[in-house]
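Student: Generate coordinates for the entire structure from the input sequences, incorporating the hints supplied.
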Amino acid sequence: MKNQQIKIMSHLVAGYPSLAESEKIALAMAGAGVSYIEIQIPFSDPVADGPTIAAANRHALDRGTSVNDCFELMTRLKERVSIPLLFMSYYNILFRHGVDAFCARAAAAGCWGLIVPDIPFDEEPGNGYLAACAKWGLNPILVISPITPPDRLRAIGEMAKGFVYCVSGFGITGQERNVSDETRDYLARVRQHISQPLALGFGISSQDQIVAAAEVADIVVIGSKIINLYNQGSETEGLKNISDFLQIS
Amino acid sequence: MKNQQIKIMSHLVAGYPSLAESEKIALAMAGAGVSYIEIQIPFSDPVADGPTIAAANRHALDRGTSVNDCFELMTRLKERVSIPLLFMSYYNILFRHGVDAFCARAAAAGCWGLIVPDIPFDEEPGNGYLAACAKWGLNPILVISPITPPDRLRAIGEMAKGFVYCVSGFGITGQERNVSDETRDYLARVRQHISQPLALGFGISSQDQIVAAAEVADIVVIGSKIINLYNQGSETEGLKNISDFLQIS
Amino acid sequence: MLTEKLMNVETGYFGEFGGRYVPEMLVPIMDALRDAFVRYYQDEEFLAELAHLNETYIGRPTPLYFCQNLTTRLGGARIYLKNEGLCHTGAHKINHCLGQALIAKRMGKKRVIAETGAGQHGLATAAVCAKLGMECVVYMGAKDYERQRPNVFWMERLGATVMEVKEGGQILRDAINAALRDQLTNPTDTHYLLGTVCGPHPYPVMNTYFQSVVGREVKAQIMKQAGKYPDYLVACVGGGSNAMGLFYEFLDDESVKMVGVEAGGEGIEEDSRKCRHAARMQSGYPGVSEGFKSLFLQNDDGQIKDTSSVSAGLDYSGVGPQMVYLRDIGRVRFTYAFDDEVLAAYDLVARSEGVFPALESAHACVEVIKMAPQLSRDEIIVFNCSGRGDKDLFIVAPRLAKDNFAAFLRKKVDELGR
Amino acid sequence: MLTEKLMNVETGYFGEFGGRYVPEMLVPIMDALRDAFVRYYQDEEFLAELAHLNETYIGRPTPLYFCQNLTTRLGGARIYLKNEGLCHTGAHKINHCLGQALIAKRMGKKRVIAETGAGQHGLATAAVCAKLGMECVVYMGAKDYERQRPNVFWMERLGATVMEVKEGGQILRDAINAALRDQLTNPTDTHYLLGTVCGPHPYPVMNTYFQSVVGREVKAQIMKQAGKYPDYLVACVGGGSNAMGLFYEFLDDESVKMVGVEAGGEGIEEDSRKCRHAARMQSGYPGVSEGFKSLFLQNDDGQIKDTSSVSAGLDYSGVGPQMVYLRDIGRVRFTYAFDDEVLAAYDLVARSEGVFPALESAHACVEVIKMAPQLSRDEIIVFNCSGRGDKDLFIVAPRLAKDNFAAFLRKKVDELGR
Ligand SMILES: Cc1ncc(COP(=O)(O)O)c(C=O)c1O
Ligand SMILES: Cc1ncc(COP(=O)(O)O)c(C=O)c1O
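Residue numbers (my numbering), protein chains in the order written: chain A, 1 to 249; chain B, 250 to 498; chain C, 499 to 916; chain D, 917 to 1334.
What the hints contain is simulated information worked out from the structure, not anything from laboratory work.
One thing to keep in mind: the hints can contain errors.
[Stated by the list, open to error] Rough simulated footprint, nothing fancy, chain D against chain C, three-plus residues with beta-carbon under 8 Å:
| hint | stretch |
| --- | --- |
| 1 | 558 to 569 |
| 2 | 801 to 815 |
| 3 | 870 to 878 |
[Stated by the list, open to error] With a straight-line Cα cutoff of 20 Å, these simulated EDC-like cross-link-like pairs (lysine to aspartate or glutamate) come out:
| hint | chain 1 | residue 1 | chain 2 | residue 2 |
| --- | --- | --- | --- | --- |
| 4 | D | K1059 | A | D62 |
| 5 | C | K755 | C | D769 |
| 6 | D | K1318 | C | D912 |
| 7 | C | K900 | D | D1330 |
| 8 | D | K921 | D | E1080 |
| 9 | C | K503 | C | E747 |
| 10 | D | K1059 | C | E747 |
| 11 | C | K900 | D | E971 |
| 12 | D | K1059 | C | D901 |
| 13 | D | K1318 | C | E662 |
| 14 | C | K909 | D | E1062 |
| 15 | D | K1318 | C | E654 |
| 16 | C | K641 | D | D1319 |
| 17 | C | K909 | D | E1331 |
| 18 | C | K909 | D | E965 |
| 19 | C | K722 | D | E971 |
| 20 | C | K664 | B | D311 |
| 21 | C | K900 | D | E1331 |
| 22 | D | K1318 | C | E913 |
| 23 | D | K1190 | A | D62 |
| 24 | C | K900 | D | E1080 |
| 25 | D | K1327 | C | D901 |
| 26 | D | K1140 | C | E547 |
| 27 | C | K722 | D | E965 |
| 28 | D | K1327 | C | D912 |
| 29 | A | K24 | A | E79 |
| 30 | C | K900 | D | E1072 |
All C-beta atoms, glycine included, are put in the ideal place defined by N, C-alpha and C.
Tutor: What follows is the structure, encoded as structure tokens:
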């Protein structure tokens, strides 16, 4: 039941379990036909991530994965795949680097967009982050949740580029969720204010869920499930698991 | 250097190490020529006794020595020795028994006098203890210390019977003390107010001390030293130690 | 008036109880202490210093706290908790420690000795001695020394010398005996800072006086919070100091009923040497020991018995003479609480109000929990939470969370082994 | 005016620091919390209840105590100690716990979550939740859970659920992360009761507000006792809540100088992953983590570093944004104290005054001990004794009385084995 309609964004943590493996995982994803790859730059305090991804962050840091490594990974991957590649990280990684410098380097490496969950669009006066994205041609992927009020949805709709990332329910990555009526209503509500494509994420863990999610969203995000698939079995088995899972779509 | 002048009061704890041994110890004392024997009725909380005698109290109680046993010991001893025998104990032993009843039984057993350190002569209105002693013909041996003020010395002088027990220095039984100038002065001061014979006690532990004490006091009290002597060696050795020590005088 | 009767500084008798049954050596010492007390408790400068340190050092007034949840749950009388656990060093004991130490200092004493069982009184004594710059020696039965090592540690940190008493049963009574002996050896330069309303005159009146601040505060606080006096006062009774503290100021108000709670231990059984409880009012007999006449748990020969209680502070065979007098004249009703009831009350108060009562104080809670539902919503019970319950970690944790606590201690032991 | 700047409820920025860097999911939650705070801190009925419970539950006012012996010994400025250790549960933390919980309850929250390192904040949270009848979940890094088992025990007795966090370094930061995740999972019914003046807006202003009672009391107390304002205020700085509490009311009085003391740990050294200290003001860089912009100990990549301190409460890589602002404008001077200095100061204060400062607070003591001799007798230092030191038994005893303490624990383990 291959469904060419379904767009997937799949997630990996750079440096988990190694930079070389991250590269292979990304290539496997691209090979399986995903539409976007979200490359997480590991951070010491990944508050919006669940245990699986948080552990992968820590592992990557323990192995010494640096921000520079992530840029290089991006560069290498961009040479071999053509789908949009995104960086996901926490704001401190950008801030410490210098937000503008970070965006410049990301863009130079071929990055298509950024997902930074802990910088609300209205946080900084004349948000330097959004400005830098604009300056360097990066898509700042804004995140919304079921409790985001209408005025903020409208504002996000005006500012968003690329697509908007809808958290599928209360919670953090890695918890199982079905695509419920509530989710349906939620996305319908969002579409009243936002015209960009909507990605639905956080907690999708079965192929059935992907299919269901694709009915309501434009893009389906697959996060910690990838790491769980990878962790089952040897390296080569892991890569195959990922490929198999993603090829359903 | 046997000195027939020296009067000694020697102490034992009834039931230490057993009632039978207490009896033998008393007989050994009498045989060695002491003038008074102080038989302590063991008490659970002997606050005016030092560690040696306190431990003997506890031992005697652990073996089940009762007040009744002590009366019986007194009765048996009185049949075999003619010197004055005293009971020493704490006020609660008398109080619980009934002070009058206690004195009656003590007198009937042949007791000559009582030493009860924790009932000051002026404590109870119309002191029932002193009255009962008078009623039953017992000598209430009152105790004084170097810091007893003159008015109390005078009052004690008026009430005392038999002799007055002078604590030889600050402290409790069992600590070594020499007969110092201070003690000399102390007894001289006491004699200004008290005409009864003076016993000097608490802490005499060598024969030299006995001789020195006898220069200033009428009676020399030997307490925990006896228990120490008894504890050195076997039972028979213990009895002999006591005999030998006391025979100096 | 009762308040006057119980502050009998002349003779220290309350009815037939009390007095000053000490070796002659101590008579002048006790007399001097009484005279100093009489002088200073009427001395403005002394009272001003006491009030100042009560406020700035001890942290007085301690709060009177309305136990709303407990009240609702029990569905009867309104329950208020006087939180002496917030005193510096964690219990009411410091009230009389501070007062006595201030007197001793004025008397020119250089050295303070004290007995302690659980260590609370020793800790409070060590603290005030540190504050007042006096040498401090605390006697502690060897068994208590072993089981209350943390308090030994704290006292030592405060500069006190803690003496392990190896005589007798190696518990509180032996510590008292050892302290009395020390006082006999050092009658002039040393003040024996006795830790409750027991002992020879003037200790019962003196400690009552210093503790009475508790009830005085409660009077003002309950008037402010509830607009009326309490109907019932409840306190645990070891020696009786926290009970006297709460009760004293209300003694002349006959509408205020009072309940004292003793340690029922494992049951009101005993043999001729040992009690499974410490309920002197239940099976004690009049006696004279440790310097005063009162009720003591004792056998027919007058030998004092050992006692038992989950709370070290109530584990004592004697009781304050004023307490006995107040029972005899019917002013205070006495009851007791068993160890398992005490632990349950401890837990209930913690969960309901977020306050840990000391195990001693939890005895009062047991009675409050029994009484409240029988009373109407108009009635008010105030109980004395005489100390805070975190001091009881090593007693409570092994009973309520044995395995986890054992694992934790084992880990600590391993770390220390390294 | 500085007081206004630091109570910036609009944006929560203080200079460039502060803010509300949270996932979009939390934005409405934080906004609602801010709105509720703004509403209630101007609401008479709320303020009356807060004042009532401050007094009757926490035990406020806490005393301001003149350290006469320490003053004499050091021979300089007069030293006063604000004794927050006498607060219910033993530290200043309960000031903001109570305030937040009262707001949360009014907001209709049923459940309270909190992070805790050493357990003091968790304990205070558990206590107020018991009092207010709210469900309570406390996150604690697995390492802290193991080493602070007594506090786990207490929290559980108060009815709280203590969650062992096995992610990350298994310490405070991981507990914060876990609590934030819980809040993300349960944004509406749950209040995250954050334990210091860190975190996203409105926590810094809100906790500052609830802690400011400390300085307000000091103002009145020092005027009464000394007739003038202090010349110096000194406080330890973990997140900054006790420091803000002491400083806030004095910020606009330029004659009052202020010093914050961070944990110097074993020395101001670090590598790219770990510091031997927690002195953010010494080697921290501006960053954004755990919801706010401030100084963080971090490497060039922006990875937050682990920290080290003998006191769990200061062992944290971030610091409150108001603190950084106050440093930047020169209003507060910052310094640090090493672990061994801290233990020595702990001992000195205990012996001199009979008061155990918490190890956190002992950092402030170190600085006071250094400053006082340099100052004149007319000058006054007030330091915040933010907590009581008996909580630190398992840290201090092994260092200061290792063998005895090990023997004691071994005995307890044996008893439990039976
Ligand atoms: C907290 C606490 N409450 C009560 C007591 C019992 O003593 P009292 O009856 O003198 O108050 C003690 C004794 O140590 C104690 O520590
Ligand atoms: C007693 C005490 N003081 C100070 C602190 C440090 O926190 P803050 O800087 O927020 O006062 C803590 C933290 O746990 C603490 O428990």
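Student: Does D/K921 pair with D/E1080 here, judged by a C-alpha cut-off of 20 Å?
Tutor: violated (38 Å)
Student: Is the hinted pair C/K900 and D/E1080 satisfied, with a Cα-Cα distance of at most 20 Å?
Tutor: OK: C/K900 and D/E1080 at ~18 Å, within 20 Å.
Student: Does C/E654 sit within 20 Å of D/K1318, going by the straight-line distance between their CA atoms?
Tutor: Holds, at roughly 13 Å.
Student: For D/K1327 and C/D901, compute the direct alpha-carbon distance and say whether it is at most 20 Å.
Tutor: holds (15 Å)
Student: Against the 20 Å threshold, does the CA-CA distance of D/K1059 and C/D901 hold or violate the hint?
Tutor: holds (18 Å)
Student: Tell me if chain D covers the stretch 558 to 569 of chain C under the three-residue, 8 Å CB rule, please?
Tutor: Result for this restraint: holds, n = 6.
Student: Given the hint that D/K1318 pairs with C/D912, test it: the Cα-Cα distance must not exceed 20 Å.
Tutor: holds (12 Å)
Student: Taken at face value, is the distance from the CA of C/D912 to the CA of D/K1327 at most 20 Å?
Tutor: holds (13 Å)
Student: Take the stretch 801 to 815 of chain C, compare each residue's beta carbon with every beta carbon of chain D, and decide whether three or more fall closer than 8 Å.
Tutor: violated (count 0)
Student: Holds or violated: A/K24 and A/E79, Cα atoms, limit 20 Å.
Tutor: At roughly 13 Å apart (the allowed maximum being 20 Å), A/E79 and A/K24 satisfy the hint.
Student: Is it true that the CA of D/K1318 sits at most 20 Å from the CA of C/E662?
Tutor: holds (18 Å)
Student: Does the alpha-carbon distance linking C/K641 and D/D1319 stay inside the 20 Å limit?
Tutor: holds (18 Å)
Checked against the numbered hints above, the structure breaks hints 2, 3, 5, 8, 10, 11 and 18 and satisfies the rest.
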